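Chains V and R, in that order, are what the protein sequence lines are. Number 285 in the numbering used here belongs to position 186 of the first sequence; there are no gaps in the numbering. Number 619 in the numbering used here belongs to position 520 of the second sequence; there are no gaps in the numbering.
Do not rely on the hints blindly, as some may be mistaken.
Identical copies look the same in the list; a pair holds intra-copy or inter-copy alike.
Listed next, the in silico BS3-like pairs over lysine-lysine satisfying Cα-Cα at most 27 Å (straight line) [as the list claims (entries may be wrong)]:
no., residue 1, residue 2
1, 610, 434
2, 611, 598
3, 127, 624
4, 131, 547
5, 624, 366
6, 445, 362
7, 610, 445
8, 366, 536
9, 624, 371
10, 475, 434
11, 610, 131
12, 371, 254
Calculated from the structure, these hints are not laboratory results. None of these values were measured; they are calculated from a predicted model.
Number of protein chains: 2
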Amino acid sequence: MKIAIPQLNYRVGDISQNRDAIIAAIQKAKAKRAELVIFPEHAICGAYPGDLFEREYFVNECRLAMEQIAAACTGVAAIVGGPNLDLEDGVLYNSAFFMYDGEVRDGVNKSVLSDYDVMDESRYFIADEDNNALRLGQRKLRVLFDEYESTFIRKEDEIIIHIGVTPFTRENTAYRLNTFADLAQKSGKPVVTLNHVGGNGSLVFNGEALVFNGQGELCHRSKAFQEDFLLVDTRNLRPLPPEERQPGDDIAMIHDALLLGIKDFFKKNGFKRAVLGLSGGIDSAVVAVLATEALGKDNVLGILMPSEFSTDHSVKDALDLARNLGIQSETLPIKEIYDQFLSTLKPIFGDRPFDVAEENLQARTRGILAMAVSNKLGHILLNTSNKSEAAVGYGTLYGDLCGSLAVLGDVFKTDVYRLARHLNREREVIPTNTLTKAPSAELHPGQKDQDSLPDYATLDGILKLYIEDNQSPRQIEAAGFARETVERVVSMVNRNEYKRAQCPPILKVSKKAFGNGRRMPLVAKI
Amino acid sequence: MKIAIPQLNYRVGDISQNRDAIIAAIQKAKAKRAELVIFPEHAICGAYPGDLFEREYFVNECRLAMEQIAAACTGVAAIVGGPNLDLEDGVLYNSAFFMYDGEVRDGVNKSVLSDYDVMDESRYFIADEDNNALRLGQRKLRVLFDEYESTFIRKEDEIIIHIGVTPFTRENTAYRLNTFADLAQKSGKPVVTLNHVGGNGSLVFNGEALVFNGQGELCHRSKAFQEDFLLVDTRNLRPLPPEERQPGDDIAMIHDALLLGIKDFFKKNGFKRAVLGLSGGIDSAVVAVLATEALGKDNVLGILMPSEFSTDHSVKDALDLARNLGIQSETLPIKEIYDQFLSTLKPIFGDRPFDVAEENLQARTRGILAMAVSNKLGHILLNTSNKSEAAVGYGTLYGDLCGSLAVLGDVFKTDVYRLARHLNREREVIPTNTLTKAPSAELHPGQKDQDSLPDYATLDGILKLYIEDNQSPRQIEAAGFARETVERVVSMVNRNEYKRAQCPPILKVSKKAFGNGRRMPLVAKI
Numbered sequence: 100m101k102i103a104i105p106q107l108n109y110r111v112g113d114i115s116q117n118r119d120a121i122i123a124a125i126q127k128a129k130a131k132r133a134e135l136v137i138f139p140e141h142a143i144c145g146a147y148p149g150d151l152f153e154r155e156y157f158v159n160e161c162r163l164a165m166e167q168i169a170a171a172c173t174g175v176a177a178i179v180g181g182p183n184l185d186l187e188d189g190v191l192y193n194s195a196f197f198m199y200d201g202e203v204r205d206g207v208n209k210s211v212l213s214d215y216d217v218m219d220e221s222r223y224f225i226a227d228e229d230n231n232a233l234r235l236g237q238r239k240l241r242v243l244f245d246e247y248e249s250t251f252i253r254k255e256d257e258i259i260i261h262i263g264v265t266p267f268t269r270e271n272t273a274y275r276l277n278t279f280a281d282l283a284q285k286s287g288k289p290v291v292t293l294n295h296v297g298g299n300g301s302l303v304f305n306g307e308a309l310v311f312n313g314q315g316e317l318c319h320r321s322k323a324f325q326e327d328f329l330l331v332d333t334r335n336l337r338p339l340p341p342e343e344r345q346p347g348d349d350i351a352m353i354h355d356a357l358l359l360g361i362k363d364f365f366k367k368n369g370f371k372r373a374v375l376g377l378s379g380g381i382d383s384a385v386v387a388v389l390a391t392e393a394l395g396k397d398n399v400l401g402i403l404m405p406s407e408f409s410t411d412h413s414v415k416d417a418l419d420l421a422r423n424l425g426i427q428s429e430t431l432p433i434k435e436i437y438d439q440f441l442s443t444l445k446p447i448f449g450d451r452p453f454d455v456a457e458e459n460l461q462a463r464t465r466g467i468l469a470m471a472v473s474n475k476l477g478h479i480l481l482n483t484s485n486k487s488e489a490a491v492g493y494g495t496l497y498g499d500l501c502g503s504l505a506v507l508g509d510v511f512k513t514d515v516y517r518l519a520r521h522l523n524r525e526r527e528v529i530p531t532n533t534l535t536k537a538p539s540a541e542l543h544p545g546q547k548d549q550d551s552l553p554d555y556a557t558l559d560g561i562l563k564l565y566i567e568d569n570q571s572p573r574q575i576e577a578a579g580f581a582r583e584t585v586e587r588v589v590s591m592v593n594r595n596e597y598k599r600a601q602c603p604p605i606l607k608v609s610k611k612a613f614g615n616g617r618r619m620p621l622v623a624k625i
Numbered sequence: 100m101k102i103a104i105p106q107l108n109y110r111v112g113d114i115s116q117n118r119d120a121i122i123a124a125i126q127k128a129k130a131k132r133a134e135l136v137i138f139p140e141h142a143i144c145g146a147y148p149g150d151l152f153e154r155e156y157f158v159n160e161c162r163l164a165m166e167q168i169a170a171a172c173t174g175v176a177a178i179v180g181g182p183n184l185d186l187e188d189g190v191l192y193n194s195a196f197f198m199y200d201g202e203v204r205d206g207v208n209k210s211v212l213s214d215y216d217v218m219d220e221s222r223y224f225i226a227d228e229d230n231n232a233l234r235l236g237q238r239k240l241r242v243l244f245d246e247y248e249s250t251f252i253r254k255e256d257e258i259i260i261h262i263g264v265t266p267f268t269r270e271n272t273a274y275r276l277n278t279f280a281d282l283a284q285k286s287g288k289p290v291v292t293l294n295h296v297g298g299n300g301s302l303v304f305n306g307e308a309l310v311f312n313g314q315g316e317l318c319h320r321s322k323a324f325q326e327d328f329l330l331v332d333t334r335n336l337r338p339l340p341p342e343e344r345q346p347g348d349d350i351a352m353i354h355d356a357l358l359l360g361i362k363d364f365f366k367k368n369g370f371k372r373a374v375l376g377l378s379g380g381i382d383s384a385v386v387a388v389l390a391t392e393a394l395g396k397d398n399v400l401g402i403l404m405p406s407e408f409s410t411d412h413s414v415k416d417a418l419d420l421a422r423n424l425g426i427q428s429e430t431l432p433i434k435e436i437y438d439q440f441l442s443t444l445k446p447i448f449g450d451r452p453f454d455v456a457e458e459n460l461q462a463r464t465r466g467i468l469a470m471a472v473s474n475k476l477g478h479i480l481l482n483t484s485n486k487s488e489a490a491v492g493y494g495t496l497y498g499d500l501c502g503s504l505a506v507l508g509d510v511f512k513t514d515v516y517r518l519a520r521h522l523n524r525e526r527e528v529i530p531t532n533t534l535t536k537a538p539s540a541e542l543h544p545g546q547k548d549q550d551s552l553p554d555y556a557t558l559d560g561i562l563k564l565y566i567e568d569n570q571s572p573r574q575i576e577a578a579g580f581a582r583e584t585v586e587r588v589v590s591m592v593n594r595n596e597y598k599r600a601q602c603p604p605i606l607k608v609s610k611k612a613f614g615n616g617r618r619m620p621l622v623a624k625i
């Protein structure tokens, strides 16, 4: 059977655009003489529309678009994912519509709903108890949304089509490669699994449709992080060479995910240019490089906002970076504004000693300056905080935590360094000094991150176990970390939920990012 | 049967404190010769622990505490809500533990999981297919978590005990009164329903345990918004006088909910004092009064931050308010800082005309000043934005949207006025001029809210239908609003998701508050 697998960049909520893209892909599949063309879960509505599913008129518009797609579907059969309101019972299913000869002819509803991380399917959908194979002529096609639905597979099924989509995480590519190879091997049937591609807010979909033969060997794999169109003949599934069956290098994948995340955040919101603060440090350097790759050097503005506590090398490193990238930079010193804040605050501050209030004032002066530039020029402010800082609250709300998108908010500091070396793999874009000097917020004289935090290798090790693996402090200790350090880090994480509640949206690249995939109570003793 | 119903202020995640409070209440029930004492859903862990339920060690600690409670439970039987890990299947139930003679003897698991608004039960729990009555001697007790579990009720059940909890909303009191009266009447059995009381982050639980006789008449009702202890004899259930069977006045309830929300936010986080900006407007006035009621006049600091665009009456109204409340106030003019910002930004701003950048600079200078006071003195900044503004994005991120808790973020502007009149019911606390003048952000000369927004009665009418009732623009028009106004308001709401994504936590008082009960995609065409 000749199957077309268009890999499209769907837009959340943009039903007419998705409809038109789907219809165009159906025409292309027909021109290429495919018998069947398949589109993933939520193709008509984008992933994920969230509470738009609670609006009856939204769901009705999806249905109407599905009829229009079906009308264009002659001479080829199509499977298209979208919400399906059962008018009789008034319940909503997460469905695949099966269409040919110009009409919706059949369908399958999801049975095992996903309720974890960023997914809330039970909030919107009813689980169907059954899953019937679709009949295309004499063939039986088994459409699944979730690998846990494999219990529905029957001997007479000719092929298994998994249309469930999941956002990119660094763990997910290997998981999909293994899971669906297993499924193909155990069932002895070809397995096709597809995905969306593109960034939608915090989430990035990596594409990479996979086609396995009945021996569980990977035979086709569409491109990662870009649109693509696979044409597959299931009678002739030959394994790819071994080197093309592996997941990519994790840092390279994270790089590509962040790039697409930035690109689509701008494109889908109608933005063109970005601004960010350049401190001379590693985080802002990495974000500047990614932004330049994503948007072009003429669309990125770096601003240096040195203070009396900034070291000379910070300014030099930032300027070197801007020059290496060919982006415009401006310098806006904060001293006068900071001094004016202190003078205005004198009646309240009196003679109290320098403390976090003054540190935050500097960070916030920078945040406000960056936002002023953003507002005046229409540039979007990119946030440069990393996951280690977000975890322990090493950042100032309304200061360095400002921005429309936190590019590195799901990347631990140790991985930011790996990412930096990856970006420097061909030439020195990020100045060596930025990579080698000790990290510092430069909010008081001689300050270093490691004055108040454990070294980043230790910190990230503990954070990964606590946040991503849900381990208890006792378990983390047992993994080889000092009790005192574990207690301190865990307490910092728990004390700083309030800051994360007001952080910019974070591009998710791990199985557990801060944001709506992690739901911790704000007022809790833990 | 003599039943004790302790109404306690549980703390999220504070298992040992909740355990001790439960044990103390069991002792009290025993002393009062109750046969049964009942505690609601999630009593051991507080509501709601969110992803703490995903940590096995947290769930195990809950279980251990349950055994300790059981050990103290002699001479009386108890029902206590908490998570229950089925070790055999490795699945988690939302359960009621039934204990007597010093041991956990039986239990009931929730069957109809709640997945709407702020609740994500399918994320954590498995639904039990069954619900068996608990046996206390010859009696059969039917324990339900949800009104949709009423299908489990059997003829031989002696009483229905509903232990499901729900956070306060203005709609919920009437709903509970009606729903459980119906259940009692239809089943012909006494119905007891209970609740938590207290504030936990964005959520406030109002208490108000209700006891109905088999005729569906309300016979007992515990206090709203405070701890209480009911002792009920089910053999002698006499109806309350009609005036005690009604829901309270909605503005009075909202007032009490906000008050408890502020009080517990401070108490449970270990905070004592609040700071807020006083603009002379209605929103900050209402928050100042509520904060003073909640924390005491010595614990509230008002700061006036006038600009060149502030009118004389704004300053006077703010000072009058502070004097009426007896709270301390300080004046920090923003002109010098604002001018210094403009001077530093001159290389970028050049001769571009005054626009939203300058407006935001003023609002942000105020936000940063308020945060500086907060950091230096340890006062917590209260946010004073209302729901109408939050809906249409009439506010400045990192400016007037700063703060740790948005007190009025779920109260529409028209209700803020009603709340103000309620607060002024005995004497003029909020100056009359604040109540009668046209609302203004005072960010440019002569500015009024109504220059850029529809009048608030119209705006709030549209917002309620769109946000709280999920109506389509066409339906809202059909309700009598002008098409052009509806389109404009809906577009403002949709364009401003990004601001709400970084707002402070909002005290929820309606069925649909901004925050984690409303999950809209950030990048969407809708």
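Structure-based check of all given hints:
no., hint, in the structure
1, 610 with 434, "neither (41 Å within a copy, 47 Å between copies)"
2, 611 with 598, "both (17 Å within a copy, 23 Å between copies)"
3, 127 with 624, "between (57 Å within a copy, 26 Å between copies)"
4, 131 with 547, "neither (61 Å within a copy, 61 Å between copies)"
5, 624 with 366, "between (42 Å within a copy, 12 Å between copies)"
6, 445 with 362, "neither (45 Å within a copy, 30 Å between copies)"
7, 610 with 445, "neither (47 Å within a copy, 44 Å between copies)"
8, 366 with 536, "neither (35 Å within a copy, 43 Å between copies)"
9, 624 with 371, "between (44 Å within a copy, 17 Å between copies)"
10, 475 with 434, "both (22 Å within a copy, 19 Å between copies)"
11, 610 with 131, "neither (38 Å within a copy, 52 Å between copies)"
12, 371 with 254, "neither (53 Å within a copy, 68 Å between copies)"
The structure is inconsistent with the numbered hints 1, 4, 6, 7, 8, 11, 12, although it conforms to all the rest.
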